[in-house]
Every structure is written in C-alpha cells, then in structure tokens.
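**Q** The primary structure of each chain is shown beneath.
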Amino acid sequence: KQEVTQIPAALSVPEGENLVLNCSFTDSAIYNLQWFRQDPGKGLTSLLLIQSSQREQTSGRLNASLDKSSGRSTLYIAASQPGDSATYLCAVGRTTDSWGKLQFGAGTQVVVTP
Amino acid sequence: SAVISQKPSRDICQRGTSLTIQCQVDSQVTMMFWYRQQPGQSLTLIATANQGSEATYESGFVIDKFPISRPNLTFSTLTVSNMSPEDSSIYLCSVGDGEGSPLHFGNGTRLTVT
Chain A
198 KQEVTQIPAA LSVPEGENLV LNCSFTDSAI YNLQWFRQDP GKGLTSLLLI
248 QSSQREQTSG RLNASLDKSS GRSTLYIAAS QPGDSATYLC AVGRTTDSWG
298 KLQFGAGTQV VVTP
Chain B
2 SAVISQKPSR DICQRGTSLT IQCQVDSQVT MMFWYRQQPG QSLTLIATAN
52 QGSEATYESG FVIDKFPISR PNLTFSTLTV SNMSPEDSSI YLCSVGDGEG
102 SPLHFGNGTR LTVT
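Quick note, the sequences are listed as chains A and B, same order. In this text, residue positions in the first sequence follow this note's numbering: the first is 198, and each later residue adds one. In this text, residue positions in the second sequence follow this note's numbering: the first is 2, and each later residue adds one.
No lab work stands behind these hints, which were simulated from the structure alone. All the pointers check out, no bait thrown in.
The calculated label-pair distances, taken between Cβ atoms and stated as ranges, are:
#	chain 1	residue 1	chain 2	residue 2	range
1	B	74	A	219	35 to 41 Å
2	B	63	A	198	16 to 22 Å
3	A	257	B	111	26 to 32 Å
4	B	111	A	308	21 to 27 Å
5	B	31	A	267	28 to 34 Å
6	A	211	B	17	48 to 54 Å
7	A	273	B	31	30 to 36 Å
8	B	18	A	217	43 to 49 Å
9	B	72	A	242	25 to 31 Å
10	B	113	A	208	25 to 31 Å
11	B	29	A	224	28 to 34 Å
12	B	87	A	212	38 to 44 Å
13	B	113	A	242	21 to 27 Å
14	A	239	B	82	25 to 31 Å
So these bits of chain A aren't anywhere near chain B, every CB distance computed over 10 Å:
#	residue
15	219
16	257
17	275
18	281
19	308
20	309
21	311
Only pairs whose alpha carbons sit at most 27 Å apart, straight line, appear in this in silico DSSO-like list of lysine-lysine:
#	chain 1	residue 1	chain 2	residue 2
22	A	239	B	66
23	B	8	B	66
24	B	8	A	239
25	A	265	A	198
26	A	198	B	66
Don't be surprised by glycine CBs; every beta carbon is placed ideally from N, CA and C.
Next up, chain A with everything else stripped away, as it sits in the complex (with noise of 0.2 Å):
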C-alpha cells in the first residue's frame, strides 16, 4: 500500500527566504506526482503537476523535483513571501487506470513572518 510522507509537518521562516518542502512515497510505480496549496477553511489550488517522466516542473518561484528511484520530491519556493503561508499538500497518482485517485501526504503547514 502507497505511503506518502511529508517532512516537516510544520515549517516558519522569515520573508524572503527559500522555502524547501519534502514529500517520500513508498511505491515508486507512481503515473505522476501533485503539489497542493490549501489555505484556511479553503479548497485545494493545484501548484504542480509531474508526470512520472519528468525530472521537474517551474511556475514563477515555484520549482517541484521528482526521483521516482528514491521515492522523493521537493518542492521549492524561491524568495518566500506572507501570502505563501499556507498547508502544501502532495499526492501521489497511482496507475493510468486509476487516474484521479490521489494518494496524499499530511501536509506541511508553512508560516512566513514579515
């Protein structure tokens, strides 16, 4: 059964920071790898979608990496600001077939003080 972790579980740093955010998974046989933002009493905005090919994925100051082998991926957010404070989320994609049913981490509840 797929595990997925996420390390911290709660993570506070200044502003202007780089932000480095963990998530391992068990089962390396994944059809891709998403990164979440959920904010306060809100829903889950998509970041970052890997497909199990890709090394990496960029949007503005956000940069996701993925090693299938070692069952990782890091998501990197350049030059923190107040407004990234929120709970990241990854899930894991499990086959084609089951495209949609996302395994997901705990979450890393991150905090970037002015």
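Since the structure of chain A is already known, use the hints to place chain B on it.
**A** For chain B alone, coordinates are given in the frame of chain A:
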C-alpha cells in the same frame, strides 16, 4: 482551469439526518471525484462519480452511507446519510480531464454533526 462551485459551504446537522452536497462545474469534465478531509488529517478518496452509472467506491466507503449521483458532465451530488459525529469533516469535490491533466478541487463543504 474549471471553476468548481460547492453548496453548501458549511452546515451543522443533527445526528441521524442526511445532507446532500452539490458540485457544479462551469465546463464539461471527464472525471469527478469526492474526497473527505477529517479534522487534522489529510484527504481520503471516497468515490469516483461516473456519469450515467453507479459510482465506484473506495475501500471503507459504501453506497448506502454515501450515495452519489452524476446526471451529466457538469454536476454531481454526494449525500451523507444517517449522520453521526464521526462524519464531521470537510467534503471536497474534484474534477479533471483524465491522463496528463491536473486534478482541481472545489472549496469544500465543512460539515459538523452534533
């Protein structure tokens, strides 16, 4: 990306009653899913809402407790039946267009059962 509207956004219900949650998308989507986020925990997939046929439920979830409808490609409902305090959670609708596309989420329905 698709705009997803969920109703109600929150509700407080009495034990033994049922609540129906609606999910409306502003464009036709291939896949619709229902997830649950229990307090302090990450998301768990309840079922895949199949257009024109019975939903496909994940292990631990049954149709009698969580009946789902999907009459067309833009709308789905999830009913939480015979509620108990353990059903207090955030219920989220998610949609996507299949392989290679990201999964998007609505803002969720925060349910409290007293």
